[in-house]
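Undergrad: Okay, here's what each chain looks like letter by letter:
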Amino acid sequence: MTHPDINSGHMDSQTGKLGMWIFLFTELFLFGGLFLVYAVFRATYSEDFHKAARELNAFIGTLNTIFLLVSSMTVAMSLTAIQKKQKNLAIFLVLSTLFLAALFMLNKYFEWSHKFHFKLYPGSEVLKNLARGELLFFGLYYMMTGLHALHVLVGMILLSVNLVKIRSGWITSKNYLLLENSALYWHLVDLIWIFLFPLLYLIT
Amino acid sequence: MSNSESGTQLSYLKHPGKYKGILSWLLTTDHKRIGLLYFYCVIVFFFVAAILGLLMRVELFSPGQTIMGPQTYNGLFTIHGIIMIFVIVIPALPAIFGNFFLPLMLGARDVAFPRLNLFSFYLYLTGAILGVLSQFAGDGPPDTGWTFYVPYSAESSTNVIFALTAAFVLGFSSILTGLNFIVTIHRLRAPGMGWFKMPLFPWAIYATGWIQVLATPIIGITLLMVIAERVLHIGFFDPALGGDPVLFQHLFWIYSHPAVYIMILPAMGIVTEIFPTFSQKPVFGYTAILISSLAIAFVGYFVWGHHMFTAGISYGSRWFFSFLTFLVAVPSAIKVFNWVSTMYGGSIDLKPPLLYAISFIFLFMIGGFTGITLGAVAADVHVHDTAFVVAHFHYIIFGGMGFATFAGIHYWYPKMFGKMYSNRIANIAWGINFAGFNLLYFPQFVIGLQGMPRRYFDYLPQFQTGQIISTIGGFILFTGLVLMVYNFVRSIKHGAIAPSNPWGGVTLEWQIPSPPPHENFDTIPEIKHPPYFFGNNSNTKNE
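Chains A and B are the protein sequences, given in the same order. Under the numbering used here, the first residue of the first sequence carries the number 1, and numbering increases by one thereafter. Under the numbering used here, the first residue of the second sequence carries the number 1, and numbering increases by one thereafter.
None of these hints come from the bench; they were simulated from the model. Glycine included, every Cβ here is placed at the ideal spot set by N, Cα and C. Accuracy of the hints is not assured; some may be wrong.
[Unchecked claim] Footprint (simulated), chain A over chain B, 3 or more residues, beta carbon under 8 Å:
(1) 182 to 188
(2) 204 to 217
(3) 220 to 230
(4) 233 to 245
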């Protein structure tokens, strides 16, 4: 068992990773609450859920899934690049991850504003006149994808910090805990989307 | 390690850090200083909430309106609940004693993530201040009760959002603290300290940490959903929009029942340290105690439905939850058995910490047995939402967790501040507290059984005798608490210098000077004996 000196800035990597994994558990439980609510209403209003899901554009959803999957790959590759001391390649790969994340958010923006255009948002008159299950479906859609989008934003901030730290030489082939933990976080964001996508877009 | 070797470092109270003056406290990453910051905050907020509680007792002194109207009363019990639950009993024990003593008992220099630890403290402070502000700012104090039941919490025109946000922020702080401790226990145990050589307080903190990490996010997302309900009319819990209010109760109690174990497990951990020390005898049934900690943490996840027996859940689930509630009582009973057996045949030294620990067992058992009454479906339907529940809850939380906290303060005070308090005043304060507590809460069992509902500012005349005794008890208890705090404050200046091991304890925190040096240990100790090994000469008391 190692005993890191509390005065040195660099943390023992196994300790840091264990902390991150436990944090990811809490994230899973956070979304788990929403998945539970989804399960309850899906069981109660399965017809309405099918109807409402038709309003969502499965093409945009698929596109976003691809963006996130590829970005998960690029961030994993950037970690390997850092371990192999290829600093410029790592910077390029983190930049691509950020670019793909931005594309995801852009898509999301168009998707949401399209729905807002048809007055499909919580509390609107249009939504109140729909069947109860459809109303709840849209409530869940906004809550789940909204919370997920928030996580994408946090992930983007984290990755930008990494970008700066790789350039400044703080993250090296010996000290890449920050990048590794950020990548773990990014995979979680991806993983949650992998569940959101079929539950919301593909149940028609 | 003997005393003379560790004279090279300044104590953590005097160590000059990176910053000077007050900043050396506010920006500290030393686990001991952070523990004290929590300690002071908890004391302040505790007295705020205790005074709110006393005001409620005054209102209930006689039937009809005594000093306040119903709306004020509703605000008082809501804020009393929110502060007591979310600001004091959930965070207090892990945050104060976990922070201060976990690294010491493991033989570590600090927790695994010292800066995250400081961040948790500021989240805690933000949440606590938001909670108090909700009483004063905006549209009047929230009046939903600390349980935030929908649909009322989605409709009430009062400051509910403030209170919800406060609880959310405090939950986040609790998660980060739990995470920090789990990692600390996994990674920073001294060489030679295998899992089963770890003292039992760290084991209790470990079980608590997992509940904090895995249950708190559920309340987080639930509170977010209630906020969305209020702001966006999203409809999850609104029957008019197709939602289901009972779903909220499920989500709320999925966290809030395990939260009760966040409160009581560390309390059990503290008394488990006190019994062997004051009996000078190894703890009885080490393995049984640690397994029962983990069992409570695990089974405690699956009993939440017993809060909802009258909410219209199915017969099958009522049976299921009732059965599991009975089951969760078993590991608690095992612990009680072990504590009593630890004292059996030991050389008992009845100092204030042990007095509090023994009264903890007494009060906790009354609370536990009445809990079984409430866990039985048929009995619960009769006493649901009566003063009986209030009495049961306070016997567990105040009589159990509260008295264990007092036991812990009396036990570790010499180590934390390097001073001894007056045993005489401590004993007197204990007597007043114990008498006042029972006078305050026991009558509520009786009037509860007779039908006195909880959360009512007014009542029928036949309950008055019980209410009067209860109010008198409240004032007696408050006097005892003030006396206890006075003893601590006075002793910081006037107390005798504490030796490194005043009680003859054998865990690692007693092997270093009082107060501990900045980096705890000059050299990380190597563990050769099982915990609670009383055969060693270096462990003798030095009074």
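Undergrad: Taking the numbered hints from earlier one at a time, note which ones the structure violates and give those numbers from smallest to largest.
TA: When the structure is compared with the hints, none of them turns out to be violated.
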